[in-house]
Amino acid sequence: MNTMLPSQCSGLAISSYFSFFDGSPDHCFFLDKSLHILHYNKNSSLVGKSFSRIVPLFDKKRHSERLQRVFNKQEAQKFYLEVYGEDSTCIKLEVSAFLVKAEHDCCVLVGQEVSDYRERNMDLEQKNQYLKEFVYNATHDLRSPLSVLKSFVDLIRRFDDEKKKEMALSQMREATINMEKKLTGMSDLVTMNKYDLQPASLISFKGIFTQSQYLLMNEIRDAEPEFFTNFEVEHIHYIGAHLLSICQNLLSNAIKYRKPDVPLCLNISTKREGAFVVFSVKDNGMGMDLDNFGHKLFKPFQRLTSAVKGTGIALSMIHNWIKRTGGRIEVTSELGKGSEFKVYLKEMDVPVEV
Amino acid sequence: MNNLYNILFVDDTESNIFHINSIIELDHLPISPSFKQNPAEALEYLRQLKKEDFPDCIISDIHMPLLDGFEFADQYMIEFHLQNPETLFFIASSSYQPSDIEKVERHPCIEAFLEKPMDKQIFEKHLFPVLDMVLAP
Chain A
0 MNTMLPSQCS GLAISSYFSF FDGSPDHCFF LDKSLHILHY NKNSSLVGKS
50 FSRIVPLFDK KRHSERLQRV FNKQEAQKFY LEVYGEDSTC IKLEVSAFLV
100 KAEHDCCVLV GQEVSDYRER NMDLEQKNQY LKEFVYNATH DLRSPLSVLK
150 SFVDLIRRFD DEKKKEMALS QMREATINME KKLTGMSDLV TMNKYDLQPA
200 SLISFKGIFT QSQYLLMNEI RDAEPEFFTN FEVEHIHYIG AHLLSICQNL
250 LSNAIKYRKP DVPLCLNIST KREGAFVVFS VKDNGMGMDL DNFGHKLFKP
300 FQRLTSAVKG TGIALSMIHN WIKRTGGRIE VTSELGKGSE FKVYLKEMDV
350 PVEV
Chain B
0 MNNLYNILFV DDTESNIFHI NSIIELDHLP ISPSFKQNPA EALEYLRQLK
50 KEDFPDCIIS DIHMPLLDGF EFADQYMIEF HLQNPETLFF IASSSYQPSD
100 IEKVERHPCI EAFLEKPMDK QIFEKHLFPV LDMVLAP
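Protein chains in written order, with numbering that gives the first Met the number 0: chain A, 0 to 353; chain B, 0 to 136.
To be clear, the hints were calculated from the coordinates, so they are not data collected in a lab.
One should not assume that every hint holds.
Stated by the list, open to error - Straight-line alpha carbon distances no greater than 30 Å define the calculated DSSO-like cross-link-like pairs of lysine-lysine that follow:
(1) A:Lys149 / A:Lys126
(2) A:Lys59 / A:Lys322
(3) A:Lys164 / B:Lys35
(4) B:Lys119 / A:Lys60
(5) A:Lys77 / A:Lys281
(6) A:Lys77 / B:Lys102
(7) A:Lys149 / B:Lys50
(8) A:Lys180 / A:Lys298
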């Protein structure tokens, strides 16, 4: 018999499969059941590491569910996968994942790099999906305060008690403010896209930081954070309005989600890493449960806490621009200890003056 | 004597809780309500309940921080649904979205979708008769 389906190849040691793929132009991963890398034909230094470490945060949950299906239901899977290469660049792969039974079960992923044309198609798909989610969430977010208003308009006439009437009125006032905030956030989301048309120029991180501090004057006055800055990289070619918004949003989040009983410390730094300039904002705030809810962090209108008021728009917005310019955001966080947001920025082309 | 419906409401919006309390009072609805602000709190609460205190009905919002109403239903199904088949689980939302309705219809332990704001009619026409059918000896 010449052909063997992978899942039928029992009896051989798993390591004897590794060399099959060594000469292949495709990317080939072998994963064990806990999703650790047993072999990777393109980079042996990743062996022993967790597969989720090389996958973007917002994909982790989806991919690990998929791979569990390969193990548990022995279902082969076909999907798109983004992984980080050695120099922190992102590689897009179209992979097939299937089970190989050897001395223990093992999942093999064989992935082909996605060409330009297909990549554009994927981008469109992603944008479409994003728009769908946006409309779905926007509709809900506006309807919910509207429904509160509707219910209280009826109620208020039926209350005899002046105190209850007053309470209903204040709930209505809050609902209108809530609605207004959400509308403002949405129009920000839409209008900020026009800055895409602005040319990039040489921007100073220190200048951006000072401007953000100015814009957040009131928040800073209330929270009295202590700032530590270390700009190893002082400048970057980027769209100023975007970088300002990124910096302002990360600082504002760090202030908003601080611990009420601990003085806030903020470390803001830049450094070079491979092809990227990494802009980092690190706090000692409330922290987040990323293992369970990380996949929701950058989705529009999703919120990870009800302890502090927010609209769930800002992070999703900056995440989108950064991705569009070839960068990414990495987040590490621990509940009760704090968070670090690392923004990987790619230098943009500056138009040559004639 | 206790012929009040024991209903657990899961909703993160304070105004909605105030509203439910008000209509129970103004319309004299036969409901003994409890409220939890999010699914995690609700699950924790249900775990501690004795079987005889388990609610007749759970009404959950969809959009909440962390777990949403459907993820709540998933977890509820795993932990409680089989042991408490007579407790009915409803999803309530102010936006009537086809994709949500589809999810409600497909979910094995969600009874139906209720549109917010909830009023006397919704309770009397759509909720109490269903609960009576299940609770009838």
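The hints, checked one at a time:
Our distance criterion of 30 Å between C-alpha atoms is broken by Lys149 of chain A and Lys126 of chain A, whose separation comes to about 34 Å. A hinted pair counts as satisfied when its Cα atoms are at most 30 Å apart, and Lys59 of chain A with Lys322 of chain A qualifies at roughly 17 Å. Of the supplied pair hints, the one linking Lys164 of chain A and Lys35 of chain B holds, its CA atoms being roughly 24 Å apart against a limit of 30 Å. The straight-line distance between the Cα atoms of Lys119 of chain B and Lys60 of chain A is roughly 41 Å, outside the 30 Å bound, and the hint therefore fails.
In summary, the hint linking Lys77 of chain A to Lys281 of chain A is not supported, as the alpha carbons are separated by about 37 Å, beyond the 30 Å threshold. Of the supplied pair hints, the one linking Lys77 of chain A and Lys102 of chain B holds, its CA atoms being roughly 24 Å apart against a limit of 30 Å. For the proposed pair Lys149 of chain A and Lys50 of chain B, the alpha carbon gap of about 37 Å is over 30 Å, so the pair is violated. Distance hint between Lys180 of chain A and Lys298 of chain A is fulfilled; the C-alpha atoms sit about 18 Å from each other, no more than 30 Å.
The structure is inconsistent with the numbered hints 1, 4, 5, 7, although it conforms to all the rest.
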